[in-house]
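Here's the letter readout for the chains.
2 protein chains.
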Amino acid sequence: MRTVTKDNITEIFSAYFGPETDPRVRELMLGLAQHIHDFARETSLTHDEWRKGLEFLEWAGRITTPERNEFVLLSDVLGLSSLVDMMHSAPDSTSSSVLGPFHVSNPPELALGGDLKGDFEGEVLLVNGTIRGVDGDPIPGAKLDIWQTAPNGLYSSQDPDQDIHSFHGLMTADENGRYTFTTVRPVSYTVPDDGPVGEILRAAGRHPWRPSHLHYIASAEGYKTLVTEVFPDDDPYLNEDTVFGVRDDLVMTYVPQEAGTFPQGYELSGTVKDAYSRVDFDLILSHA
Amino acid sequence: MRTVTKDNITEIFSAYFGPETDPRVRELMLGLAQHIHDFARETSLTHDEWRKGLEFLEWAGRITTPERNEFVLLSDVLGLSSLVDMMHSAPDSTSSSVLGPFHVSNPPELALGGDLKGDFEGEVLLVNGTIRGVDGDPIPGAKLDIWQTAPNGLYSSQDPDQDIHSFHGLMTADENGRYTFTTVRPVSYTVPDDGPVGEILRAAGRHPWRPSHLHYIASAEGYKTLVTEVFPDDDPYLNEDTVFGVRDDLVMTYVPQEAGTFPQGYELSGTVKDAYSRVDFDLILSHA
Numbered sequence: 001m002r003t004v005t006k007d008n009i010t011e012i013f014s015a016y017f018g019p020e021t022d023p024r025v026r027e028l029m030l031g032l033a034q035h036i037h038d039f040a041r042e043t044s045l046t047h048d049e050w051r052k053g054l055e056f057l058e059w060a061g062r063i064t065t066p067e068r069n070e071f072v073l074l075s076d077v078l079g080l081s082s083l084v085d086m087m088h089s090a091p092d093s094t095s096s097s098v099l100g101p102f103h104v105s106n107p108p109e110l111a112l113g114g115d116l117k118g119d120f121e122g123e124v125l126l127v128n129g130t131i132r133g134v135d136g137d138p139i140p141g142a143k144l145d146i147w148q149t150a151p152n153g154l155y156s157s158q159d160p161d162q163d164i165h166s167f168h169g170l171m172t173a174d175e176n177g178r179y180t181f182t183t184v185r186p187v188s189y190t191v192p193d194d195g196p197v198g199e200i201l202r203a204a205g206r207h208p209w210r211p212s213h214l215h216y217i218a219s220a221e222g223y224k225t226l227v228t229e230v231f232p233d234d235d236p237y238l239n240e241d242t243v244f245g246v247r248d249d250l251v252m253t254y255v256p257q258e259a260g261t262f263p264q265g266y267e268l269s270g271t272v273k274d275a276y277s278r279v280d281f282d283l284i285l286s287h288a
Numbered sequence: 001m002r003t004v005t006k007d008n009i010t011e012i013f014s015a016y017f018g019p020e021t022d023p024r025v026r027e028l029m030l031g032l033a034q035h036i037h038d039f040a041r042e043t044s045l046t047h048d049e050w051r052k053g054l055e056f057l058e059w060a061g062r063i064t065t066p067e068r069n070e071f072v073l074l075s076d077v078l079g080l081s082s083l084v085d086m087m088h089s090a091p092d093s094t095s096s097s098v099l100g101p102f103h104v105s106n107p108p109e110l111a112l113g114g115d116l117k118g119d120f121e122g123e124v125l126l127v128n129g130t131i132r133g134v135d136g137d138p139i140p141g142a143k144l145d146i147w148q149t150a151p152n153g154l155y156s157s158q159d160p161d162q163d164i165h166s167f168h169g170l171m172t173a174d175e176n177g178r179y180t181f182t183t184v185r186p187v188s189y190t191v192p193d194d195g196p197v198g199e200i201l202r203a204a205g206r207h208p209w210r211p212s213h214l215h216y217i218a219s220a221e222g223y224k225t226l227v228t229e230v231f232p233d234d235d236p237y238l239n240e241d242t243v244f245g246v247r248d249d250l251v252m253t254y255v256p257q258e259a260g261t262f263p264q265g266y267e268l269s270g271t272v273k274d275a276y277s278r279v280d281f282d283l284i285l286s287h288a
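Chain order of the listed sequences is A and B.
Under UniProt numbering, think of the first position of the first sequence as 1, with each following residue one higher.
Under UniProt numbering, think of the first position of the second sequence as 1, with each following residue one higher.
Derived from the structure by calculation, the hints contain no laboratory data.
Remember, it's a predicted structure, so these values are computed and weren't measured experimentally.
It cannot be assumed that every hint is accurate.
Heads up, the list lumps identical chains together, so a pair's fine if it works in one copy or across two of them.
Keeping only pairs whose Cα atoms sit at most 25 Å apart, straight-line, the calculated PhoX-like set for lysine-lysine is [stated by the list, open to error]:
1) K52 x K224
2) K143 x K224
3) K6 x K52
4) K6 x K273
5) K224 x K6
So that you can see chain A by itself, here it is in the shape it has in the complex:
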C-alpha cells in the first residue's frame, strides 16, 4: 500500500495527475501544491491556523460582490498582483501597474481638452502627454481610458453619491498621439479595510493607504495594451503603497502654475482664474 506521509505527500500529489494532463496545468498545480506543502511544513502550520485561513477565505467569499472583490484585494496587498504586472511588463514600454477593482466598463467619451471633475470642488489639474511606440513615433488615435478618485477619496463604484461614470472617461489621442484633459488632483485613499483583508493589514501592523494616482489603460491597434498609473512625487505614501503599485517611471511632478495662466482650448478655459497644477506624462507602448 502507498503510505501517505508528511514528507512524501507532494510526490504522491504529483503521481495523481492523469497522463493526458496539459503540461502547463500540471506545472501550475504541482508548483502550487509544492509551495503550499512547503509553507505548511516550514511553519508547522497548526490546525487552528489552518482553520483561520479557511475562515478567512469564506469571509472573503461572502463579502465579494461584482463591485467589491476581496480576493483581488488580497492579491493586491500580498504583492501578487504587482508581481504578475512586473513580470509581464514589456521592458521597453512604460511600466504597467495594478488595474485595481474600481475600473468601470463602458466609460463615457471624453473629448480632447475635456474635463473630468464636473461639479466637484478642488484645485484644477491639467494633464498632458503623448502616446508613443517604442520607436518614439506618436500613435495617432490611441485610446486612453482614464479614471480616478473623487476628492472624497472614493471611486464612483464605492460612492452612492456619485454617478457610476463620475471621474471616468475614454479619450482618443489626436493625430500626434497627444492627449490632454482637466481634473482635480486625485487624493491618497485607503483600500477597503472593513473586511478580512483589513484584518490582515491590522494584524501585520500595516496601514491601508495608497498614494494618490490617475489610472490609465492605453491601447492602440498593433500595440500591447498598457494598464498603468501615474503618481505625484510629493505623496506621503509613495514609498509605502499598500498594494506595491509604484514604479520609478510612473512618478511625476505636478508643477504649480500661476493664477491667470490657464490656457485656451479646454472645456474649462475662461472659468479657471486661480492657480492650478500641470503634469506631463508620456506613455510608451510596445508592439503587440
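Place chain B on chain A using the hints.
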C-alpha cells in the same frame, strides 16, 4: 524612492510589517508571501492564469454554504488538510485523518451494542474495539463520535431523504474502554465535483473518489482528541484517495462471518440471520 521590482517585492513586503507585529503572524504572513511570490516567479504566472485563479476563488466563495465548504474541499484535494493532520498527529497514538465537511454537531447518543443502520438495507457490519492510552491501559468512559455514508454514498447533510442524524452516533465506551456497534458497510464515494474543485480534478486528470471508511472522533478527559477514519483493506481506491486520508494503521480487514453466528447483546441480536462482517479497530490516544 524605494523602487518595487519583481526581485525585491518580497523584501519590501517584509519591510511593511509594523514593529509590534506578533512574531507568529509575521512568520506565517511572510512565509505565505514568499511562497506565493516564488510560485509566481518560477511559473512566470500570466495575467490570464492569475485572473483564472481569482475567478476560481470567487466561484468557491459563491458555492460555499454552511453545508458545503468548497475551500475545505480545495484544501483536501491539494493535500493540505492531510498534511496538517499528519504534522500534528502524536507519534505514539493512532494516526489522525481528515475530518471532512460532513460531520454533524450534537449527534444522538448510541448505546453500546446499538445500531447505526436503522431501516437501510445492506450487509451488517459489526464493529468492535477498545480505546486505550499510549500506556496500553483502556480508557473507561471514553467518547466516540461515529459517522459514515449511507449505502447510496451520501452523508446525511448531502441527502434530503435522510434525517440529519442518520448514520451519526455518539457512543460512551464501557468500563474497559470497549465500544461496539452495528452498521452497514460504508461505501466508496466521490467528493462533490460539480463546483470549481471538480474542475481542478478534471483538469488534472484525477478522479473524485474516496475509499470507503468510518469516521471517528475519540475523546477523553486528559487525552488529546483524535479525529480519524478506518478503511477496509479491499477498497479499490485505497491507494488513490483523492483527499490523501489513508494511513497504514487505519486500514483493517472486514472479516466475513458465517450466517447464524451473530452474537447476543446487540440491538440487532436475533434479527441478523445472514452472513455479516466484523472489523476490530483499537484506538490509541496520547496524553493531552
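Here is what the structure says about each hint:
1. Taking the closest pair of Cα atoms, K52 and K224 come within 25 Å of each other only across two copies (20 Å); inside a single copy the shortest separation is 41 Å, beyond that limit.
2. Taking the shortest Cα distances, K143 and K224 sit within 25 Å of each other inside one copy (12 Å), while across copies they are farther apart (64 Å).
3. Only within a single protomer do K6 and K52 lie at most 25 Å apart by alpha-carbon distance; the minimum there is 21 Å, versus 29 Å between protomers.
4. For the homomeric pair K6 and K273, neither the shortest alpha-carbon distance inside one copy (71 Å) nor that between copies (45 Å) is at most 25 Å.
5. Only between protomers do K224 and K6 lie at most 25 Å apart by alpha-carbon distance; the minimum there is 20 Å, versus 45 Å within a single protomer.
Hint 4 from the list above is the single one not met by this structure.
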